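The primary structure of each chain is shown beneath.
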Amino acid sequence: MKFLPSKVLYVDLSKRRFWIEDRKELFEEWIGGSGVAIKLLEEECPKNADPLGSENPIIFAVGPFTGFYPIASKTVAMFKSPLTGNLGESHCGGRSALAIRMAGYGAIVIKGVSETPVYLAIHGEKAYFREGSAIWNMANSYTVGRILREKEPGAGARTIMRIGRAGEKLISYACVVTETYRHFGRLGLGAVFGSKKLKAIVISGKKSLPVADSKTYRELYKEIFNLLINSSSMKKYHELGTSMNVNPLNEIKALPTRNLKDAKFEEAEKISGESFAKDFLGRRVACAHCPISCIHLAVLRTPYDSEPYFYKSKMICYDYETIYALGSMIGVGNPENLLKLLDEIEALGIDAISTGVALAWATEAQEKGLISTKETNGLYLKWGDAETYLKAIRFLVNQVNDFYKALGKGVEYASTIYGGKEFALTFGGNEMPGYHTGLAAHLGFLIGSRHSHLDCAGYSIDQKTLASGKKLSIEELIEELIHEEAWRQILSSLVICFFARGIYKPELIIKAFKPLGAEFTEESLKAIGKKILKAKYEFKVREGFQLSKLRIPERILQTSAPAGEFSKETIINGLKLAEEKLASL
Amino acid sequence: MFSLIIVINEGFKLVKRLAVVDVDLCVGCQCCMMACNRRFGEAGVAKSAIYVRSAGGIEKGFIVLVCRACIDPPCMKVCPTDALSKRIGGGVILNQNKCVGCKLCVNACTIGAIFWDEANEKPVICIHCGYCIEYCPYNVIKMEETG
Numbered sequence: 001m002k003f004l005p006s007k008v009l010y011v012d013l014s015k016r017r018f019w020i021e022d023r024k025e026l027f028e029e030w031i032g033g034s035g036v037a038i039k040l041l042e043e044e045c046p047k048n049a050d051p052l053g054s055e056n057p058i059i060f061a062v063g064p065f066t067g068f069y070p071i072a073s074k075t076v077a078m079f080k081s082p083l084t085g086n087l088g089e090s091h092c093g094g095r096s097a098l099a100i101r102m103a104g105y106g107a108i109v110i111k112g113v114s115e116t117p118v119y120l121a122i123h124g125e126k127a128y129f130r131e132g133s134a135i136w137n138m139a140n141s142y143t144v145g146r147i148l149r150e151k152e153p154g155a156g157a158r159t160i161m162r163i164g165r166a167g168e169k170l171i172s173y174a175c176v177v178t179e180t181y182r183h184f185g186r187l188g189l190g191a192v193f194g195s196k197k198l199k200a201i202v203i204s205g206k207k208s209l210p211v212a213d214s215k216t217y218r219e220l221y222k223e224i225f226n227l228l229i230n231s232s233s234m235k236k237y238h239e240l241g242t243s244m245n246v247n248p249l250n251e252i253k254a255l256p257t258r259n260l261k262d263a264k265f266e267e268a269e270k271i272s273g274e275s276f277a278k279d280f281l282g283r284r285v286a287c288a289h290c291p292i293s294c295i296h297l298a299v300l301r302t303p304y305d306s307e308p309y310f311y312k313s314k315m316i317c318y319d320y321e322t323i324y325a326l327g328s329m330i331g332v333g334n335p336e337n338l339l340k341l342l343d344e345i346e347a348l349g350i351d352a353i354s355t356g357v358a359l360a361w362a363t364e365a366q367e368k369g370l371i372s373t374k375e376t377n378g379l380y381l382k383w384g385d386a387e388t389y390l391k392a393i394r395f396l397v398n399q400v401n402d403f404y405k406a407l408g409k410g411v412e413y414a415s416t417i418y419g420g421k422e423f424a425l426t427f428g429g430n431e432m433p434g435y436h437t438g439l440a441a442h443l444g445f446l447i448g449s450r451h452s453h454l455d456c457a458g459y460s461i462d463q464k465t466l467a468s469g470k471k472l473s474i475e476e477l478i479e480e481l482i483h484e485e486a487w488r489q490i491l492s493s494l495v496i497c498f499f500a501r502g503i504y505k506p507e508l509i510i511k512a513f514k515p516l517g518a519e520f521t522e523e524s525l526k527a528i529g530k531k532i533l534k535a536k537y538e539f540k541v542r543e544g545f546q547l548s549k550l551r552i553p554e555r556i557l558q559t560s561a562p563a564g565e566f567s568k569e570t571i572i573n574g575l576k577l578a579e580e581k582l583a584s585l
Numbered sequence: 001m002f003s004l005i006i007v008i009n010e011g012f013k014l015v016k017r018l019a020v021v022d023v024d025l026c027v028g029c030q031c032c033m034m035a036c037n038r039r040f041g042e043a044g045v046a047k048s049a050i051y052v053r054s055a056g057g058i059e060k061g062f063i064v065l066v067c068r069a070c071i072d073p074p075c076m077k078v079c080p081t082d083a084l085s086k087r088i089g090g091g092v093i094l095n096q097n098k099c100v101g102c103k104l105c106v107n108a109c110t111i112g113a114i115f116w117d118e119a120n121e122k123p124v125i126c127i128h129c130g131y132c133i134e135y136c137p138y139n140v141i142k143m144e145e146t147g
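Protein chains in written order, with our numbering: chain V, 1 to 585; chain H, 1 to 147.
So here's chain V without its partners, still in its complex pose (with noise of 0.2 Å):
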């Protein structure tokens, strides 16, 4: 199977030397992405290992697919996480699976510790350990940016991975931005980076790669193209992209509203996909491979205080999950206040829904005399109130005080020491995504192996619930979640991105699979999708997991959900069901 990704880069910060390894029965077994990734963490991550300890392997990989097919467009990053304690994994676009696959491999494996602030640039076969003093201590993300690409070679064709300040304050929910709007943004990869004193990395490569035949690899590609941009779905993403879910979410009141006091957003309409597409967009773009094109940037034009008549104009990426976490989560109605705090999350390098739960809940602890002026260092935390909430983040990625180094160690810790558990909507330690759907949902982000939305879709089925009337038993609700995520496994190691997986099915991805040189039926896809999953879920319980001992938050219990009211037992049941059926997987 030649065109298998099948060369892994090995990079000791400590030893600042870097090797290649031919890991062919790697990505012939595990196929790539997750994968691949989950056995290399496991080869690389010493059992009980500090997230923030040089023991503390960075993971990338990509997959057999990416560089042959359009919208094989994500790295698949795997780790420790700082936020979690357990296995962290996070997925981003931009440019960085081509760049990494145009450089020749399917893997970076990136160990040990920097004693002074590095940037790695990676050119083909080259490995380059160049000096970061000089950018470290940058707080803004942007402008890390925009000297690498000055600075390095490559455009075009390159990803350029980097942390702001948050990272190196190593907050535990920092990300790594990548080609400025897309991020390995869960998870606190960024913390990891910090913690090794790696500022950036910088990817380039051009390569061709052979097929094995070449006339069907042509029709079968041009089929699979115009299938993504035909189809309906895809369409939706590439028009309002991922807000156009703000609007029905809200209609149903699944919308987290003021840290899901409430689950319908009465400003809803004025930071919804239609309005933002209306009143702010500026231009659509594209990961690499892709030509769905769904990321949005809106152009925020602010005057300056110091002139009159100057002003600057910034274009500000903005999806659903971010209008939720810093729009309807904290009560932030106004479209341009939303921008400015989008902006600055992305200039420190912070993820944006566990900052968005973070100030949530400390706006909610505060309102309940939790914690005081004291804590908060002087700010009134209020539903709605932009201007304090963007004076807090500097806080918080500051880490002026305890309270602050507390609430960048997550709202689970935070509410540890503060109290306000009830009211910590965060899920095995993860901040919660922007879905009150139902007990599907929570569920999900549960036993998710992310804690993420995106594990097993359950907010997907929450929705046929309640547009059929019919309602899951436990049992099959598990089924289908687990079932869901085991072949999401599959996607995400080949590595596809997810909004595609209507269009790459079983019989799909099998016929794509045909002319590049290997063979896979349905039920051998199935399998590896399953052993991946178990793999990680085996991870996570070597790292002291348990589904019986997570954290149900009573909010979730308390707010009415659209498809149907639950009960802590009933969770605590799916657990116990779900813990059994990962176990024998």
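If you're looking for bench data, these hints aren't it; they were derived computationally from the structure. Please read these numbers as outputs of a predicted model, since none were measured by experiment. Careful: at least some of the hints might be erroneous.
[Said to hold, decoys possible] Okay, derived cross-link-like pairs now, DSS-like style, lysine-lysine, Cα gap no bigger than 27 Å in a straight line:
{"hint": "1", "chain 1": "H", "residue 1": "Lys-60", "chain 2": "V", "residue 2": "Lys-235"}
{"hint": "2", "chain 1": "H", "residue 1": "Lys-122", "chain 2": "V", "residue 2": "Lys-312"}
{"hint": "3", "chain 1": "V", "residue 1": "Lys-2", "chain 2": "H", "residue 2": "Lys-60"}
{"hint": "4", "chain 1": "V", "residue 1": "Lys-215", "chain 2": "H", "residue 2": "Lys-122"}
With chain V held as given, fit chain H onto it using these hints.
Relative to chain V, chain H alone:
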């Protein structure tokens, strides 16, 4: 299929060239680059004669670099081995056998639209076949008659 396309239209001999219609329509997906490389039956970008990069950060939009079929091509003038000859309708045709890989053409192209195939040490220059157009869903590029 990938050679020169000559269109006979109402008795006039019209030759086409690949043209960038409106670069602001470009979303930077680079599917045109991948398409160009597939002409050789391979995936990737090493042999692409069209190249898309940001205009200094994705927020600024994109630059689409491709041969614009000069009537009097500067690249041809500097070729020491006459490996480049004039293409009807503008641009050049490369004779791989004559090319010694000196890169003078790359430097001579004012708009930077000649790329380098590292594996073969030969220039990569657009032949205006139009294969990439099918893979640009946003109509950034089109075939244009040059008269």
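Enumerated hints in conflict with the structure, sorted upward: 2 and 3
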